[in-house]
Amino acid sequence: MTDAPRRTALDATHRALGATMTDFAGWDMPLRYSSEREEHVAVRTRAGLFDLSHMGEITVTGPQAADLLDYALVGNIGGVKTGRARYTMICEAGGGILDDLIVYRLADQEYMVVANASNAQVVLDALTARAGGFDAAIRDDRDAYALLAVQGPESPGILKKVTDADLDGLKYYAGLPGTVAGVQALIARTGYTGEDGFELFVRPADAVALWEALTEAGRDAGLVPCGLSCRDTLRLEAGMPLYGHELTTSTTPFDAGLGRVVKFEKTTNDGDFVGRTALAEAAERAGTNPPRKLVGLIATGRRVPRAGYPVVTAEGTVIGEVTSGAPSPTLGKPVAIAYVDAAYATPGTEGVCVDIRGSHEPYEVTALPFYKRQK
Amino acid sequence: MSNPQQLRYSKEHEWLSGAEEGVSTVGITEHAANALGDVVYVQLPEVGATVAAGETCGELESTKSVSDLYSPVDGEITEINEDVVNDPSLVNTAPFEGGWLFKVKTSGEPGDLLSADEYAAFIQS
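Listed in order, the protein sequences are those of chains A and B.
Each residue of the first sequence is one higher than the last, beginning at 1 in my numbering.
Each residue of the second sequence is one higher than the last, beginning at 1 in my numbering.
Hints in this document: simulated from the structure, not taken from any laboratory.
A few of these clues could be false.
As the list claims (entries may be wrong) - Below, a list of computed lysine-lysine pairs in the DSSO-like style, where the Cα atoms sit at most 27 Å apart:
{"no.": "1", "chain 1": "B", "residue 1": "64", "chain 2": "A", "residue 2": "333"}
{"no.": "2", "chain 1": "A", "residue 1": "333", "chain 2": "A", "residue 2": "293"}
{"no.": "3", "chain 1": "A", "residue 1": "333", "chain 2": "A", "residue 2": "263"}
{"no.": "4", "chain 1": "A", "residue 1": "171", "chain 2": "A", "residue 2": "160"}
{"no.": "5", "chain 1": "A", "residue 1": "293", "chain 2": "B", "residue 2": "64"}
{"no.": "6", "chain 1": "B", "residue 1": "64", "chain 2": "A", "residue 2": "372"}
As the list claims (entries may be wrong) - Selected chain B positions facing chain A (in silico; Cβ < 10 Å):
{"no.": "7", "residue": "12"}
{"no.": "8", "residue": "40"}
{"no.": "9", "residue": "89"}
Ideal placement from N, C-alpha and C gives every residue a C-beta, glycine not left out.
Could you build the full structure based on these sequences and the hints that come with them?
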């Protein structure tokens, strides 16, 4: 084992572009190329190009691939049609979230599970452990793919310049194989920015050529390379949870306000899945006596809330905790996602503050997301 | 990036202008501004406050982090840059010019400050 960070197939490209690099889940990834605010605005108004090759791909194949995934994950994966994708989670038997995932059904008996970089091994191990008795094979494809994302309102136009694939027929949360800039790719209309956009899974050997072709195709539309910093503020504005922040093993999907991803009615295994009993209890608790709720907070001042800062009343009583916070380029104010006691979770609740290094700064409680794109 | 020759530098990445009638201007270096990323909020000491070399006198917030601001010298604050309070991005766009942070009437000689060349070597190391 070496502790040296892993590098993506685009590493030299990032360095040539002058990226500020950062260690992320054992990978050396671009944090930003110039200004994270400008990258953020580019994705909201034009388009941005991301290297997401650190994400973890796991392929599940076989006659009982659907049955295995229905048992191992909380979603109704057997109900996903070929060519479509589903946002789902993998939970512990006790209901805690191991990771949030996107599962693509590539063929009748073939799925690709995309895990967060920091959890890819955990997900691989859990799937493998849960596969006993199922006629299905699990393949670690983390090294088989590079992942590029084009996100933003101009992204369909940019991609159309370099592919003949039927993008208009490709719905949100769908994926199909195709050729992009002469490179074989799984073209998926997914993303983590709150904008329309595409994620392109390709062989690592093709990543540089694809990056360069997309850069060229997007030049007139104002496409810019984007790092993980703006990816975080984009997803925060869009109210999307991040593993390790809003989602942890001590949180169930219901605690995170994402109970809708848990499907107790499944087409396979008589509806049985790992975590079912605990999650049924969590659903009951969330409906009648929720401990804390996930809300949005918008600052009136300019100081920025950070993950872990206490949410307090004006008198200083702790009523919650910030899980993510950042200055929102779109709103022009600091925003946060926080767990707060249910009594304070109603939008418009008065007297909610965040303790920012000893100073109680007033915040407005709001529903998530902070930003929703116009369709 | 270039560090202006006429300035002196602290190891906490502040720059200090040569004292004119005992008043020096203080800012953070381009190197520090780049490391912070987009600065979104600055908290500066109040005019009249007494500051001490190496001690915290404010904070700088960027998208991803918050950093303490240190004074490179002992002295009394005579002016703060209201422009940078209103537009913290000046720290990024003009760290040695419009992004200056405060002016301080120095009391005594500043201690362990670096020349531009020494500072350049320091941030390389």
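Does residue 263/A lie within 27 Å of residue 333/A when you go C-alpha to C-alpha? This hinted pair is violated, its Cα atoms lying about 37 Å apart.
Hey, residue 64/B versus residue 372/A, does the alpha-carbon distance stay inside 27 Å? Holds, because 23 Å separates the two Cα atoms, which is no more than 27 Å.
Hint validation: residue 12/B versus chain A, beta carbon distance must be below 10 Å. Holds or violated? violated, 18 Å
Holds or violated: is the Cβ of residue 89/B closer than 10 Å to a Cβ in chain A? holds, 8 Å
Restraint check for residue 293/A with residue 64/B, where alpha carbons must lie at most 27 Å apart: holds, 25 Å
CA of residue 171/A to CA of residue 160/A, is that 27 Å or under? holds, 15 Å
Restraint outcome when residue 40/B is required to lie within 10 Å of chain A by C-beta distance: Nearest chain A Cβ about 4 Å off; hint holds.
Are the Cα atoms of residue 333/A and residue 293/A separated by 27 Å or less? Measuring from Cα to Cα gives roughly 22 Å; hence the hint holds.
Take the C-alpha atoms of residue 64/B and residue 333/A, compute the straight-line distance between them, and say whether it is at most 27 Å. Answer holds: residue 64/B to residue 333/A is near 14 Å, not above 27 Å.
Of the numbered hints stated above, those contradicted by the structure are hints 3, 7, listed in ascending order.
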